[in-house]
Every structure is written in C-alpha cells, then in structure tokens.
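Asks: Residue numbers (numbering that gives the first Met the number 0), protein chains in the order written: chain S, 0 to 373; chain P, 0 to 297; chain A, 0 to 356.
It is worth saying that the hints were derived from the structure and are not from the lab.
Some hints here could point you the wrong way.
As the list claims (entries may be wrong) - Calculated pairs, SDA-like style, for lysine to any residue (alpha carbon to alpha carbon, straight line, at most 25 angstroms):
{"no.": "1", "chain 1": "S", "residue 1": "Lys170", "chain 2": "S", "residue 2": "Gln251"}
{"no.": "2", "chain 1": "S", "residue 1": "Lys151", "chain 2": "P", "residue 2": "Gln291"}
{"no.": "3", "chain 1": "A", "residue 1": "Lys335", "chain 2": "A", "residue 2": "Ala191"}
{"no.": "4", "chain 1": "S", "residue 1": "Lys126", "chain 2": "P", "residue 2": "Val222"}
{"no.": "5", "chain 1": "S", "residue 1": "Lys151", "chain 2": "P", "residue 2": "Ala226"}
{"no.": "6", "chain 1": "A", "residue 1": "Lys46", "chain 2": "A", "residue 2": "Ser287"}
{"no.": "7", "chain 1": "S", "residue 1": "Lys126", "chain 2": "P", "residue 2": "Leu220"}
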Amino acid sequence: MQTTLSQSPVDSLPVRSSDASFLRLEAITKQYGSNSPTVDRLDLNLGKGQLLGLLGPSGCGKTTTLRMIAGLLPISAGRILIGDNDISHLPPHKRDIGLVFQNYALFPHMNVGENVAFGLTMRGIGKRESLRRAEEALETVRLPGLGKRRPKELSGGQQQRVALARALVIKPRLLLLDEPLSNLDAQLRDQMRIEIRDIQQLLGITTVFVTHDQTEALTMCDQVGVMYGGRLAQLGAPEEIYERPASMFVAQFVGRTNVLTGEQVSHQQVRIGGARYRCSGARPHWRGLKIAIRPHRISLTPNRDPSLLSTATNCVQGLVAAITYIGDVLQYEVDIGCARIRVETPTGSSRLRYKVGDLVMCEWLPQDMLAFEG
Amino acid sequence: MKILTANSSSLGQLKNTTKPRLWLWALVLLVPLLVINLVSFVGPITHLVQLSFLQSRAGVISGTYSLENYANFFSDGYYWGLIGNSLMMSFTVTLITLGCSYPIALFLYRMSASSWRNVLFVLTISPLLVSSVVRTYGWMVLLGDQGVLNSALLGAGLLDHPLRLVNNRIGVAIGLVETLVPYMVLSLMAGFGRLDLSLEEAAASLGANRIKRFFRIILPLTVPGIALGCLLCFVLAISSFITPKLLGGGRVFLLATEIYDQAVIQLEWSMAATLSIIVLLIFALTLFLYSQFARRFG
Amino acid sequence: MRSSNNNTKFSLVVLMVVLCGSSGLASAAEITVMGYRSGGFQENYQKAVIDPFNASHPEVHVTFYGVQNAAVSLGLLRAQRANPQADAVIYDLSVAKIAKDEGLIDEIDMAKVPNAERLGSIGRELGGYALPLTYDTFTLVFNQQVFADGAPDSWKALWDPQHRGRVVVPAQGGGDIQAIALTLLTNHMLGADSDETIEPAIEALIELAPAVQTWEPKPEQYTLVANGSADISVGWNARSQYFIDQSEGLLGTVAPQEGTLTQVNVISPIAGSANPDATQTFIDYALSAEAQQRFSELMYYAPTNIDAVLDPSVEERVPFLDDTQHDKLLPVDWMKIAAARDELLNPWRRQIIPASR
C-alpha cells in the first residue's frame with residue numbers, strides 16, 4: 000500500500016506544514032429568516048495540511064458550516080478565507096474545493112473513470128489526459144483498473160474511494176468530507192478511516208471532516224471542533240477535547256461520562272451527597288456545580304474501611320447494582336447512595352470480578368473530576 | 000449438510016404443492032382484466048382491422064374483402080402528405096411542449112416539499128380538470144382576429160392588421176402544446192428519479208458552472224423522463240383531433256382529422272378504419288423506437 | 000382517443016335509447032324517431048309535431064332522439080343493424096341513399112301513408128324509402144352592419160376583395176353538403192354544367208381560398224358573422240332565419256339573384272322496426288299539411304306537403320316559396336351526388352383548402 004501511495008500522481012505538498020492558519024472562518028453566520036441562526040458567528044482557524052473534524056449532534060450546524068465553506072450555501076454574514084483569498088462569495092465551481100458526500104454522489108450516467116476525470120475535463124484538460132490521470136488517482140485509492148465499471152456495480156467502500164479520488168484528482172486547496180463513513184459497515188469504516196487519514200497525510204491536504212461519530216473525530220483529526228447550537232463549543236486537539244472538555248456538553252458528547260451534582264465546599268473540596276471529595280476547578284460564583292467523571296477513570300477495589308485509604312485519591316463505598324459485559328470492558332452500575340455511577344474496567348482473566356450485591360470501593364484521582372457550572 | 004438437504008427438498012415439495020394453486024389464483028385475478036381488455040380493446044381493434052379490408056363504394060360498405068383501401072392509401076400522395084403533416088406537427092408540438100415543460104418540471108421537482116409546491120403542482124396539472132374543448136374555445140377567444148391578444152396589440156399600435164394565430168397550423172400547435180404540457184410535466188417528474196441535488200453540488204465542487212452542470216449532469220440524468228414525456232406527448236399529439244378541428248380552421252389536414260372526416264363527413268368507414276390502422280402502426284413503430292432507446296439509456 | 004370517445008358516445012346512445020324505450024306505457028306502441036338535435040330542430044319538432052301527435056294518437060307514443068348530424072344517424076343505423084333502437088329517422092336525402100343501398104331502411108306502404116301523395120316533386124328519388132320532410136335553400140349569410148348600404152345580391156360577393164380574410168366557407172367538419180352546394184352553384188354561375196365538369200367552380204374557389212378565414216367555423220358561421228368576426232358566409236335559410244331572430248337583426252340572409260338550390264331532409268322507416276304500423280302512422284302524420292305547417296312556421300323550412308299554407312310573415316322569409324326564386328332553383332340530383340361525393344369533396348381537401356394556407 001505504501002508503494003502505491005508513494006507513486007501518487009498528485010503532487011505531494013510538504014506534509015504537516017506550518018501552524019499559520021490556512022482556512023479561516025470569521026464570524027460566519029447562517030440564518031434563515033428570523034429564526035435563530037443555524038450557524039452563529041463561528042470563528043475557526045485551520046493550519047495548512049491539518050485535518051479538522053467537526054463533531055456534533057445532528058442539527059448542530061456542522062454540515063451547514065461545511066456547505067458554506069464549499070459555497071453550496073450562501074453565508075448570511077462573516078467571511079471565509081483560504082490563504083489570503085476571500086472566497087466568501089465565490090460560486091462553488093470557482094472555489095477549488097474537493098467535496099466528498101455521505102452518499103458519495105457519483106454520477107450514475109458515467110463510468111468510474113469518467114466520474115474521476117470529470118473535474119479535470121471541467122478544467123479544460125483533454126479527455127485522454129483526464130482519463131489517464133483518473134486512472135492514476137484510482138490507483139492511489141487502490142482501485143486500479145475499475146475505470147470502466149459503472150458506479151452502481153461497486154461496493155459502498157469502493158464507491159467511497161472513487162468519490163475520494165474524484166475529489167482529490169483536481170488537487171483542491173481544501174478537501175471537505177461530509178460524514179463520509181456513515182454509510183459503511185463497522186469493519187470497513189475502521190479501514191477507511193485509516194486510509195483516508197493516510198492519504199490526507201501523504202498529500203498534506205487541508206481537510207475538514209464532518210462527523211457525528213466521536214471515535215472518527217478523535218482518531219483521525221489533528222483538530223476537533225465540537226459544535227453545539229450553531230456555535231463551536233470547543234476547538235482543540237483530540238486529547239484536549241477528551242481530557243479537558245470546555246463544557247459539560249463536550250464532556251458528555253465526547254466519550255462516556257458520569258454526571259454528579261454537588262456543591263463547592265472550599266477551593267479544594269466539593270461535596271456530593273454527604274461526602275466530601277478533593278476537587279479543584281470549581282468557582283465560588285457558580286450558581287450550581289456539576290461534576291463529570293469518566294467511567295474508566297474510576298477503579299473498583301474490594302470493600303474496606305475508607306479511613307485506611309490514601310487521602311490523595313477520592314473514594315466512596317458503593318454497592319454493585321448491575322454488570323454489563325461489553326467485550327473489551329466490563330461495565331458496573333454502582334450505587335453510591337446519592338447517585339448511581341457507571342464504572343468501566345478492562346476485562347481480563349487476571350482481574351478481579353465483582354458480583355451484583357458486592358460492596359466495593361470506588362476510587363479516582365482528583366484531577367479526573369471535572370467541575371462545570373450548572 | 001444433512002439438514003440443508005432436508006430443508007431444500009421440503010422446500011421443493013412446498014413449491015410443487017403450492018405452485019398450481021397460486022397459478023390458478025393468478026388466473027382468477029386476471030380474468031376481470033382480461034375480459035375488460037377483450038371487450039374494450041381487442042374487440043374494437045379486431046373490428047377495425049376487419050373494416051379496413053372491406054370494400055366500399057360511395058360510403059356503401061359491401062361485404063367483399065380486399066386490399067383496395069390500403070392500395071388507395073399507399074398510391075395516393077394526398078395520404079402520404081397527411082402522414083408527413085401529422086409527423087411534422089407531432090414532432091414540432093412535442094419539442095415545443097418539452098421546451099415549455101422542462102423548466103416547470105425541474106423547478107417543481109427541486110422545490111422542497113411545501114404547501115407552495117403542492118399548490119404549484121396542482122396549478123400545473125389543473126388544465127387536465129377542464130375539458131380540452133372548453134380550453135380550446137378559450138384559445139379561440141384569446142387568439143382570434145378580434146381576440147384579446149390581437150385587440151391589445153392593435154390597440155397599442157404595434158400591428159396594423161391582426162396576427163393570424165388561429166384557423167391555421169400555428170393555432171393548432173398552440174392549442175396542442177397547451178393541452179400536452181401537463182402530461183409532459185407529469186412524465187418528466189416521474190422520470191426525474193435519478194436527479195439528486197448532491198450530484199449537482201458534486202459537479203459544482205469539481206468546477207462545473209451552471210451551464211456545464213445542466214448539460215453534463217442534469218440533462219443526461221433526466222433523459223429517461225424526457226423520453227417518456229416525448230413518447231406520451233407524441234402519441235397524444237398524433238391522435239388528437241378535437242384541437243386541430245377547432246383551431247385549424249379546416250385547413251390543417253392531419254391523419255386524425257382525416258379519420259374523423261372519412262368517418263363522419265365522407266361516411267367512408269372502411270377508409271377511416273384503414274387510416275386508423277396506419278396510425279396504430281405509427282404508434283407501434285414509436286413504441287418500438289422508444290423501447291430500443293430505453294434499453295440503451297435506461 | 001377517438002375510438003374511446005366514440006365508444007362512450009355509442010354506449011350512451013344505447014343506454015338512452017334503452018331508457019327511452021322502457022319508460023313509457025306498456026299498452027301504447029312505443030316508437031322512437033331519430034333526428035337532428037341542434038339549432039332548435041329537436042325542440043321545435045317536439046312542439047310542432049310529436050306532442051300534438053301523441054295527444055291525438057293515444058295508441059302510439061313517440062319519442063324523439065336527437066343526434067348531431069345525418070352522419071351520426073347513419074352510424075347508429077349501421078351499429079344497430081341487428082337490433083335497431085329507433086323506428087324512423089330524419090336525415091339528409093344523400094345519406095338516405097347510402098342507408099337504402101346498405102339495406103338499413105324499409106319501404107313505406109303507400110296505402111298506409113296517404114299524405115305521401117300530397118308531397119312536392121323535389122326529393123322523391125328514393126320513393127317509399129325516404130319521403131321528403133322539409134325543403135331548405137342555400138343562401139348567402141352576411142353581417143348587416145358591414146352591408147349597411149344593402150344586402151349582397153350575388154354569390155360573387157364572396158370574392159369581393161374588401162372581405163378578404165373575413166369570409167367563412169363551411170366546407171370541413173359537417174360542412175360537406177354546403178361545400179357541394181357551393182361547388183354546384185359556383186359552377187352554375189360560371190355557366191358550366193356540373194354533369195360534365197366542375198373544373199370552373201374549383202378554379203374559382205381556389206381563387207377564393209386565400210380570402211377565407213376558416214373552413215370549419217366554430218361556433219357556426221351564423222354566429223361568427225352575426226358577432227362581426229366575419230363579414231360574409233354561406234349557409235342554410237332555415238338556420239339563418241333562426242339566427243336572425245336570435246341576433247336581433249345583426250345577421251342578414253339572402254338568396255342571390257343567380258338562384259340557389261334545395262336541400263331535402265327526408266324521413267325513412269328503419270328496417271327491422273318492431274312497430275312498422277305505428278311508425279307509418281307517425282310518418283303519415285309528420286307529412287300532413289297541419290304538422291308541416293306548424294313545423295315550417297317555427298323553423299322557416301318550406302313544407303313538402305303542397306297543401307300546407309304558411310303565414311305570410313313566415314312565407315316571405317322562405318326563398319323556396321318565392322316564385323322568382325323557385326323558378327331559378329338549380330335542379331340537383333342528390334342520388335348522383337351521393338355516388339359522387341368523393342369526386343365533389345376531394346378537390347376541396349386537396350386543392351381548394353390547401354390554396355388558403
């Protein structure tokens with residue numbers, strides 16, 4: 000595979016280049032009539048060669064944002080810049096942006112080769128030359144020799160690759176992917192995820208990737224933008240999003256989380272139920288306090304006297320209420336009196352297993368408690 | 000493996016026992032349709048074929064069968080002229096209808112589902128609710144020498160003498176186009192199934208401007224609808240006689256009007272039957288060409 | 000489209016005839032008379048002939064069944080040959096010839112129809128198979144405002160260049176007999192004998208063609224001329240008079256000085272009628288002087304019964320009854336014309352009308 004890729008006809012750009020922002024969205028807004036805006040004053044900077052994942056629930060405005068970048072939807076306000084060019088009001092065919100759709104949008108009346116060559120012929124390149132380059136692009140996506148087939152004769156994954164080749168063969172300044180993997184089955188999705196990432200890295204093409212699947216966003220992207228209600232709830236590297244979510248929404252949307260209601264006792268302490276826990280990050284002026292803890296950051300230990308435990312960790316006694324086996328993890332529902340929390344432990348024969356009705360100690364580090372107002 | 004064999008053989012048995020009964024049911028359910036078809040289609044057509052071979056003298060039909068009517072038809076330039084007129088008129092009308100209907104159909108098809116779309120759609124096909132005779136009289140009022148249009152143009156001083164818009168081919172073409180537009184719009188929309196906005200967007204992102212998108216994407220994808228609409232309108236145009244009768248002023252001679260004249264004016268039913276068979280043959284040819292086309296592009 | 004239309008029409012006709020036939024009293028002989036529907040014919044025939052007949056003949060009940068034109072009557076006779084739904088038919092003499100040749104009509108027993116002896120000499124060619132019921136004449140129809148200085152007095156007025164584009168000649172779609180009439184009269188006007196050639200008429204009509212607005216007036220030429228859409232046309236006296244009354248004098252009609260010709264409507268008993276005696280009773284009544292007088296006074300036909308005398312105010316509007324016009328009537332052999340319809344009509348569709356495009 001690597002050899003095929005290195006023979007890519009598409010000129011390689013310097014991989015993973017500067018941080019200087021290449022795609023800039025300045026307060027772009029989409030508003031229909033007097034309704035509340037679908038996308039509300041969104042600012043975003045993306046460095047050249049980076050892969051940005053726009054993540055969010057349906058209706059959060061991520062696809063609208065993508066379509067505005069592509070020029071398929073006019074923006075209501077703001078500016079879109081690629082490099083130093085303001086493309087805010089360019090029609091889509093002049094934007095030089097590659098686009099891959101969720102449904103692939105292959106032209107059913109053309110064969111695969113003609114599909115891929117379409118963008119080249121639109122650029123005035125002769126038919127033979129276009130088809131030759133199209134064939135090369137098909138090799139890049141590991142579909143050599145399928146040029147004569149009709150799109151409907153291909154599998155979903157193959158169609159996806161054709162769509163990718165078609166978008167890339169025109170060497171666009173920007174590649175936009177709209178939920179490209181959501182029509183594929185789970186196994187193929189994993190494979191395509193890697194392939195898309197490889198090709199993107201190889202070509203160093205700046206890419207925006209819209210998805211509602213957090214795994215895709217976290218595993219593939221350099222930057223993840225979590226969108227909510229038409230705004231960017233958080234923009235950052237995957238790890239930052241996961242470890243330091245900016246809001247309870249992000250914490251809940253990205254990865255699984257336990258949400259507990261508490262109150263601040265001091266700068267270093269919060270109270271949940273009757274118990275006190277070491278936790279920093281809460282602010283006194285907050286009207287309410289919500290605490291998020293990831294299920295797998297909690298460890299279970301056999302029941303013993305809490306006073307014997309280290310004060311460096313937080314711990315609480317609980318009763319195992321339910322157990323779910325999910326393959327790679329065991330999920331316990333533990334009743335801790337004031338709430339029922341979810342705890343995940345890796346499976347493995349060496350590990351202790353608890354039964355429903357067992358008394359256990361739940362332990363976690365103070366820094367794994369994320370405090371939010373609410 | 001054993002289970003599989005057992006299964007498949009029991010399945011085969013099941014098939015053998017149920018098949019004849021299903022077949023019988025299918026036949027029973029088909030009977031009403033067959034009867035209707037026999038009475039309303041096969042019967043009249045058989046009679047028509049029979050009539051077309053009967054000799055006739057001055058309207059008096061004798062009992063003798065011969066090829067006389069067909070010989071008269073093929074040896075007489077007048078009838079060839081009629082075929083030419085009819086084909087020419089139907090082609091022209093079909094093309095104009097397509098030109099008028101395509102934008103309407105495309106617009107309606109692309110409109111997001113809303114009550115406005117429903118209103119516009121109903122408006123487009125609403126002419127079907129009014130008898131074509133009534134509508135044709137409407138055209139006569141609009142297009143006549145003293146009609147609304149000519150009065151307005153003469154009144155505005157744009158013309159010195161009225162435009163001849165009825166009682167000739169132009170009038171017939173206008174009337175037929177108006178009659179056929181709803182059929183064309185319906186067929187086009189029925190054939191627009193492959194049209195998908197994302198395809199146009201994909202083409203746009205690949206650098207195709209509006210015109211290229213239309214000719215490279217929209218048009219090829221709507222070819223099935225175009226073919227269907229053209230087939231339907233061509234067949235309807237070539238067989239229509241009310242509109243040519245009312246708007247042609249008696250000077251537009253088509254196969255369909257000739258059949259009417261032969262049957263009702265000349266009282267030559269045999270010749271009328273012969274001409275009807277010729278029209279049926281033209282239909283058959285049109286359908287054949289359509290099926291060939293559909294096979295290639297469908 | 001066409002055949003299904005005819006099918007519907009046909010089944011409607013059958014349905015109506017069946018309904019008509021079954022609705023009356025069982026004791027009286029039920030007979031149905033088929034005839035023209037439009038232009039007041041059905042309405043006036045019912046009033047002038049059928050109602051009085053039904054009142055004075057309790058043993059017979061007559062129903063009138065109106066159709067569009069003589070060709071439709073012939074079509075129904077053909078379609079119902081095995082089981083006719085009507086007993087008598089009123090239609091054009093030339094169509095009656097075809098019906099007779101195809102054996103669709105019966106011969107009247109002259110003994111049972113004494114009034115047959117009292118009929119005029121015109122239109123008797125088919126003997127007992129078709130007896131003349133009405134006489135009508137071909138006339139010029141004109142707009143009174145256009146001809147404010149005086150009515151045209153010659154067929155030549157059609158050729159007058161000042162009416163170019165405003166002349167209506169009903170030759171298509173039901174205008175067949177009028178086309179034939181105009182051919183014969185034009186030929187006659189040009190001094191040619193139609194038995195030998197109709198070429199002079201055809202040439203003259205080809206010359207007229209470009210001036211013609213429509214060959215198939217919709218609505219009828221009387222309306223188009225009355226409402227000013229056209230200046231001049233040709234038509235039948237009876238219908239012209241009807242439209243003169245309707246249009247309150249906007250329409251005018253005249254039998255030109257060159258003379259005119261007569262169209263004959265006849266009545267025939269239909270072959271296979273279940274009630275031939277009652278049918279002949281009715282036919283006799285229809286040909287009686289009183290029935291003829293009443294109907295002619297309503298419709299401005301000339302009566303075929305020589306004993307019928309019309310009111311003078313009606314009589315002066317019927318050219319057939321005018322002595323000078325009657326003397327100038329062009330004798331027409333409708334039997335010969337029935338046999339030569341093609342020769343007379345083909346030039347219209349192949350030469351005359353195409354010259355107007």
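Asks: Does each hint hold? Answer for all of them.
Replies: Status of each hint after checking the structure:
For the hint linking Lys170 of chain S to Gln251 of chain S, the alpha-carbon distance of about 38 angstroms lies beyond 25 angstroms, and the restraint is violated. Of the supplied pair hints, the one linking Lys151 of chain S and Gln291 of chain P holds, its CA atoms being roughly 22 angstroms apart against a limit of 25 angstroms. The suggested pairing of Lys335 of chain A with Ala191 of chain A holds, with an alpha-carbon distance near 17 angstroms, which does not exceed 25 angstroms. For the hint linking Lys126 of chain S to Val222 of chain P, the alpha-carbon distance of about 23 angstroms falls within 25 angstroms, and the restraint holds.
Distance check on the hinted pair: Lys151 of chain S and Ala226 of chain P sit about 22 angstroms apart at the alpha-carbon level, within 25 angstroms; holds. Of the pairs offered as hints, the one joining Lys46 of chain A and Ser287 of chain A holds, with about 15 angstroms between alpha carbons and a cut-off of 25 angstroms not exceeded. Between Lys126 of chain S and Leu220 of chain P, the direct Cα distance comes to roughly 21 angstroms. Compliance with the 25 angstroms bound is thereby established for this hinted pair.
Of the numbered hints stated above, the single one contradicted by the structure is hint 1.
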